[in-house]
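Q: Listed in order, the protein sequences are those of chains H and P. Be aware that the first sequence starts at 1, since it is given in our numbering, and climbs by one per residue. Be aware that the second sequence starts at 339, since it is given in our numbering, and climbs by one per residue.
Treat the hints as calculated values from the structure; they're not laboratory data. Predicted model only: the values in this text are computed from it and were never measured. Quick reminder that beta carbons are idealized off the backbone N, C-alpha and C, glycines included. Some hints here could point you the wrong way.
Unchecked claim - Which bits of chain H does chain P cover? Going by a derived footprint, with three or more residues having C-beta under 8 Å, they are:
hint: 1; region: 36 to 42
hint: 2; region: 212 to 218
hint: 3; region: 236 to 244
hint: 4; region: 270 to 277
Claimed, not checked - Covered by chain H, according to a simulated footprint, are these stretches of chain P (three or more residues, beta-carbon under 8 Å):
hint: 5; region: 409 to 421
hint: 6; region: 509 to 519
hint: 7; region: 632 to 639
hint: 8; region: 682 to 689
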Amino acid sequence: MGFSFLKTALVGAVVLGSMAASAALAQDVTVGLITKTETNPFFVKMREGAQAEAQKLGVKLITAAGKYDGDNDSQVAAIENLISAKAKGFAIVPSDSKAIVPTIQKARDAGLMVIDLDTPLDPMTAANATFATDNFKAGQLIGKWAAGTLGDKAKDAHIVYLDLATNQPTVDYLRHQGFNDGFGIKVANPTHYGDEKDPRICDYEISQGDQEKGRTAMENALQKCPNVNLVYTINEPAAAGAYEALKAVGKDDGSVMIVSIDGGCPGVKNVQAGVIGATSQQYPLKMASMAMDSIASGKLPDLDKNGYFDTGAQLVTAKPVDGVPSISVDEGLKLCWG
Amino acid sequence: MSDDATGSATAERGLQGATTAVASFDETDAGLVRRIQAFLHDFPTIIPFIVLLIGAVIFSFAAPGKFLAPLNLSVVLQQVTIIAILGVAQTLVILTAGIDLSVGVIMILCTVVMGRTSVVFGVPVYIAFPLGLLAGTACGFVNGLIITRLKLPPFIVTLGTWSIFGALNVWYSQSETIRAQDMEQAAPFLQATGTLIKPFQTLQSLGLQLDFLRGWVLTWGSILMIAVAIVVWYVLSNTPFGRHVYAVGDDPDSARLAGISTNKTLLAVYSLAGLICAVAAWAFIGRIGGVSPQAGQTSNLDSITAVVIGGTSLFGGRGSIVGTVIGALIVGVFRNGLALSGLELLWQDFAVGVLIIVAVTIDQWIRKISA
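If we strip away everything but chain H, and leave its shape as in the complex, we get (with noise of 0.2 Å):
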C-alpha cells in the first residue's frame, strides 16, 4: 500500500516536473508577481501593468496572491511555488513585511531576484530592491496644501484622522505622520501615531480602508467634534465614506475639507467633484512594469544605499496651492488607476 501509493507520487512528480520543463522550454524566462489579495484594485492594476510589460518583454508570468491582507502563509507558497518553477525572479508586495524576509532570503540564495513592491521590507535590504512610493512624503504634500488652503485658520483647525488600523502598519504611520510634518503638527515618534499633543488634533477613528466603515467611523467622530474642518484620510475609500456622513449632517457645504492619498481614478473624479480637497497620486502601474523589466534583463535602476528607488507621488488638485507642487486633476485622470 505505501509502496504504491509512493510510487504513483513519483509518477505524478516526474509528470508534473516534464510539463513544468515543456512549459519552461516554450518561453524560458519565468518571473512572478505576488500581491497581498487578489481585489484590491491598486492590485489589480498593477497586475494588469505587469501583465502588459511581460506579454511586450516575452517572458512568462506568473501571478500569485494572498487571500487577504496580511495573509503572509499563502505568500510564502507563492514564493516556493516560484523557486520550484525556476522563476528568474519575482516581485512581492509583502503583507507581512517582517515574517517573508527568511523567504525571500531562500528565494534569494536558490538565485532569484526579488523585487519588493510598495510596502517596504523590514529591514529593506532584505529584497534586492524596492520600488514604492514614499508614503510619509504623500502625506506631507496633502498636510502642506490643507496648512497652505487654510491659510490663517490653520491654527485653528479641528482635524480628524480616519486611520488604516489598530496596529499602525507601516503605511498608516508614514501617512499620518507625513500628514503631521507637512501641516504644521509636532510629530512625536515618527513610528507610531496618537501621542502628539497637538490641540488642533480633535479623533483618530479607524477606517480599515473601507467605504462603509469610513462613514461609520466619521460618523462616530462628528459625536465627538461637531465643529471638524479638516478630515484626513488613508485612502480614498474612506475619504468617500466619509464625505456620505458629512453629507448626512448637511456638513457638504464647504465647511469641511477631506484630504487623502492613492490617486485611484474614483479617488481623482472625486477631487473635481469636490468631495476631496487634494490626493496624493501613487503609480502602482510604474512599479509592476519598472520590476519586469528589471527582472527580465537583470539591471536595476539607481538606487539608495538601501536598495530603495521612489515611484513618486504628486498631489493632484484643482486649487493649487503656491510652495506646493501639483498636478491638475485632468493630469491626474490621465494617470490614475482603478
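Take the given structure of chain H and dock chain P to it, following the hints.
A: Below, chain P alone, put in the same frame as chain H:
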C-alpha cells in the same frame, strides 16, 4: 461480624441526617433557578433586551450628553441597518440548524449587479434592480440546492460558495468602485435607501409640532430593515411555512415523520435568505452612496454575531427575529458607545467577543431544560 455491623450502622446513621438536609436545600434552590431557566426558555429575547438596556445606561454615563443625543441614537440605528437585515436572513438559516457564511458576499455581489448593470452598462434601473434581487435569490437557491441534493453540511457548502460568489464578484465588478456622484446621475433610485427622513420637520410642515421628535433622523434603509423584520417575523410566527422552519431545525426526523418536506423547506429558507441579502444590498448602496466591491468583508460574521447575541440557538429550532434585531442593536450600541467613550477599536472587538461567549453560554444553559 459485630465490628462490621457497628461500623455500617454508624456510617448509615452519619449519612441519614446529612443527606436529607442537603437534598431539601438543593430542591428549593434548583426550583428558583429552574423557574428562571424555564422563563428564559419561553422568552429568549428578554436577555438581549436587558443587555441592550444595561449597555445604554452604561454609555449614557461613559459618554455623557453624547451617547443619548437623538442624533447619535439615530446614527446607531443607521449603522446597524445592514447587519440587522443580513441578520434576519441568517436567523432563518440558523433556525433550521444551518449556517450561511455567504450572506455578506451575496450582498456585495448584489450591490455590484444592481449598480454596475445600471451605471456602467446603462441598463435601466427598473431592470437592473430586479436583476439584483434575482441574483441574490439565485445565490441562496444554489446554496439550498447543494445542501439538500448533495446532503452536505451547510457550513461546508456556504464556505465554498463564499469563495465562489466572491470570485464572481471580482469578475463582474472588475474591482471597480462606482462613485456616489455617478450613481446619482444614472440610478438615483438605488440610493433612495440612504435618503434622510426628519420626522420633526416633516410633521411640522404638516402643522404638527412634536418636540420629542426634534433631532431624530431616519433613513429609508432603516425603515426597510424594520419592514423586512416584521414581514419575516409574521411569516415565521403565523404561517405553516414558519412552523415548518422551526420544526425542521428542532428535529428534522420528527418533522419528516409529521409530513413536512424538509428539503423543500430548506430550499425555500436559503432562497429567501438570498433574497433578503439582495434587499440588504439596496440598503448598502444607500449607505455608501455607491458601490465598493471591496467593502463588507466582515458582514457575514457580523450577521452571525447579531443572531447569536440575539438569543437564537445555533443548534436550530429556537430563536426570534426580534432577538436578532436587538442583537444587531447591542453590537452597534457597544461599538458606538465605546468609541464615544474614547476606547480604541481593539477594545470594541474585545467587548463584542465577550458578548458572543456570554450569549452562547446562556443559550447552552437554557437548553438544558429540554434535556
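Q: When I compare C-beta atoms, does the region 632 to 639 of chain P have three or more residues closer than 8 Å to chain H?
A: holds (count 4)
Q: Count the residues of the region 409 to 421 of chain P whose Cβ falls closer than 8 Å to any Cβ of chain H, and tell me whether that reaches three.
A: Coverage by chain H holds here, the residue count being 6 at a Cβ distance below 8 Å.
Q: Taking a Cβ-to-Cβ distance below 8 Å as contact, does the region 212 to 218 of chain H have at least three residues touching chain P?
A: holds (count 4)
Q: With a cut-off of 8 Å between beta carbons, are at least three residues of the region 509 to 519 of chain P near chain H?
A: Answer holds; 8 residues pass the 8 Å Cβ test.
Q: Check whether three or more residues of the region 36 to 42 of chain H sit with their beta carbon closer than 8 Å to a beta carbon of chain P.
A: holds (count 4)
Q: Taking a Cβ-Cβ distance under 8 Å as contact, does the region 236 to 244 of chain H have three or more residues in contact with chain P?
A: holds (count 5)
Q: Count the residues of the region 682 to 689 of chain P whose Cβ falls closer than 8 Å to any Cβ of chain H, and tell me whether that reaches three.
A: Coverage by chain H holds for the region 682 to 689 of chain P (3 residues, Cβ < 8 Å).
Q: Is the coverage entry for the region 270 to 277 of chain H by chain P consistent with the three-residue Cβ rule at 8 Å?
A: With 3 residues in contact (Cβ-Cβ under 8 Å with chain P), the coverage given for the region 270 to 277 of chain H holds.
In summary, this structure violates none of the numbered hints.
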